[in-house]
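**Student:** So the sequence lines, in the order shown, correspond to chains X and V.
In terms of the working numbering, the first sequence has 175 at position 175, counting the first letter as 1, and numbering is strictly consecutive.
Just add 1000 to wherever you are in the second sequence, counting from 1, and you've got the working numbering.
One thing to keep in mind: the hints can contain errors.
To be verified - Below 30 Å or equal to it, Euclidean Cα-Cα: the simulated BS3-like pairs (lysine-lysine) are:
(1) V:1253 <-> X:83
(2) X:29 <-> V:1146
(3) X:135 <-> V:1253
(4) V:1237 <-> X:292
(5) V:1030 <-> X:148
(6) V:1253 <-> V:1159
(7) V:1146 <-> X:135
Keep in mind the hints are simulated off the structure, nothing from the lab.
Quantities reported herein were computed from a predicted structural model and do not represent experimental measurements.
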Amino acid sequence: MDTPIGVLLIRPLSIYIQQELSKRYTLFKFWQVPPDLRRDFLGKHSDSIKAVVGNGVQGADSELIDALPLLEIVASHSSGLDKIDLEKCRERGIRVTYTPDELTDEVADMAILLTLATLRRICEADRYVRSGEWKYADFRLTTKLSGKSVGIIGLGRIGSAIAKRAEAFGCSINYHSRSQKPNSRYKYYHSVIDLASDSQILIVACALTRETRHIVDCDVIDALGRNGVVINIARGSHIDEAALVSALVEGRLGGAGLDVLENEPEVPDRLLGLDNVVLSPHVGASTVETRKAMADLVVENLEAHFLNKPLLTPVI
Amino acid sequence: MAEGLQITKIQQSPEIIVLGPPSVFRTHGKEFSSRFRALRPWESPLPLAQFLAAQAQNTQAALCSGTFSLSAAVLDNLPSLRLVVTTSAGVNHIDLSECRRRGIAVANAATIFSADVADLAVGLLLDVLRKISAGNRYVKNGFWPKQGAYPLGFKLGGKQVGIVGLGSIGLEVAKRLEAFGCAISYYSRNKKPSVSYVFYPDLRKLAATSDILVVCCALTEQTHHMIDREVLLALGKEGVIVNIARGAVVDEKELVACLQQGEIGGAGLDVFENEPHVPKELFEHDNVVLSPHFGVFTEESFGDLYELMCGNLEAFFSNKPLLSLVSEE
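Could you put the whole structure together from the sequences, leaning on the hints where they help?
**Tutor:** What follows is the structure in structure tokens.
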């Protein structure tokens, strides 16, 4: 009789994926283990865990991979790969899969939503009505989105989807990418600082690599300026968070809409009281529809692997 | 010395009775009062009727806010009135047939607000689906590290959107939502020959086939409470309604009941029947996003409005064509 295959699920993700994985494998729920007991837990189950399912918040780092000698595959419930030690996986011959396309539209939608919420103060306005303040005075004036210049860092799947939406608002599109896209009608900027100077809204939509860490630094923030707004739906580490917080607190930057933070779920205290900052808990891809599509793809990749069939969306 | 000349110049310029006052007066009132001779009844202890009787018998032009009820009774106290400039796009607060009868022209804000209002419609809709206001509260209240399950949102792409009223605002909403991958249908008084969207002559049928209804029509006798319980039930338990038009197009009591009963999935509302009063039952719901009738409250729109309203007034007093005359329909 085959030994049941153990799958370590790092984060809850969805009831749906938990059910689908439990039907097929022995499911270990990592998030339910208190942090100080995790090493022992891994030791206890390392003889059966052959797969890890992580996401964009927590994946498979070096320590985890070392603790699982029988690990064969990391099937990531994400399109970002920065939470996986890819080098270690290559060394150990561990396969890695991801979910590249399933969340493109949702994340692009979130980028526009964060932009609207930040410029038009939608969250603050909702609070203003609920608190009863509207009975006494009209709301303040906000900032128009339509027609503004949008600068996108990274014109991949998500960046392109954001550009398409922003165009429908009459926005002009500027972008920075590792290299200029040959058939693009958008304006290319080799320098992120120049991109920020020429854009009223800066949206981070690139992958996190060594090169793009802190791609939005204090110089870029200065270039964006007092009336500029930065939107991040990529990874917290794309932005020098300390520089961002200072700029916002000191009024040197107009506002920020952030779905991701450098040390999430920790939030810098100084951001909490700022009305020109909109925060969301890394939910860019968190819709019922997307979660199901991503879960299905994770399960399909795992099934293919354990049946020795070709992986659907391999990275390694 | 220059100031004295300035005052004389204003005294010679035509007077305008300001009714409301409109919100644009908060930002541009001082500038307006240095450009025109503005009669400001709210600064007087007299009730409006008496003020008008005393001060405005020769006044030919009025600047009116979108919430001031310009009724026959008010017009009775403005016997010389020839022009009303309203700062709103909507004209439901003006007795148009009375104005017509008395030969008073009406100018409004035309389409200068359409982009901003459409932007807000999309923002409210995305907020209801993706719960950004709830999420922002969640993070700022410190709940994220405690790993409480954050409820999933819903995808916008691929949804059927029904636009109620395909005027300037409706078209701007349609254009934006198409880019998000939505399929667009509409209900309007008449089919629009130049658009490719699917036309429904029956509002209930539009609601039945839509996942999302966006209310973009003017408030008239015909559209009052047009979105009633039947329409809401047709929209259905997962349906979302967004209203950036006028509160009274929707039967607010029925909307509240449907939300309480789970008969519709969510609502994004910038307007209400009895502003600034908002039914407190709406505060109980996380699938409801509320805003204080601020669809046009941007620096840019207020600037554009100021230019347009002054432009209309100056055109009138120079016997030139008005910039945004409301035509009879």
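**Student:** None of the hints should be skipped; say for each whether it holds.
**Tutor:** Now for the hints, and whether the structure bears them out:
Taking the CA atoms of residue 1253 (chain V) and residue 83 (chain X), the gap is about 50 Å. The hint is violated against a cut of 30 Å. In summary, the hint linking residue 29 (chain X) to residue 1146 (chain V) is supported, as the alpha carbons are separated by about 17 Å, within the 30 Å threshold. Proposed proximity of residue 135 (chain X) and residue 1253 (chain V) is supported: the alpha carbons are some 20 Å apart, at most 30 Å. In summary, the hint linking residue 1237 (chain V) to residue 292 (chain X) is supported, as the alpha carbons are separated by about 21 Å, within the 30 Å threshold.
Taken as a hint, the residue 1030 (chain V) and residue 148 (chain X) pair is honoured in the structure, with Cα atoms around 28 Å apart against an allowance of 30 Å. For the given pair, residue 1253 (chain V) sits about 27 Å from residue 1159 (chain V) by alpha-carbon distance, which is consistent with the 30 Å threshold. Our distance criterion of 30 Å between C-alpha atoms is broken by residue 1146 (chain V) and residue 135 (chain X), whose separation comes to about 35 Å.
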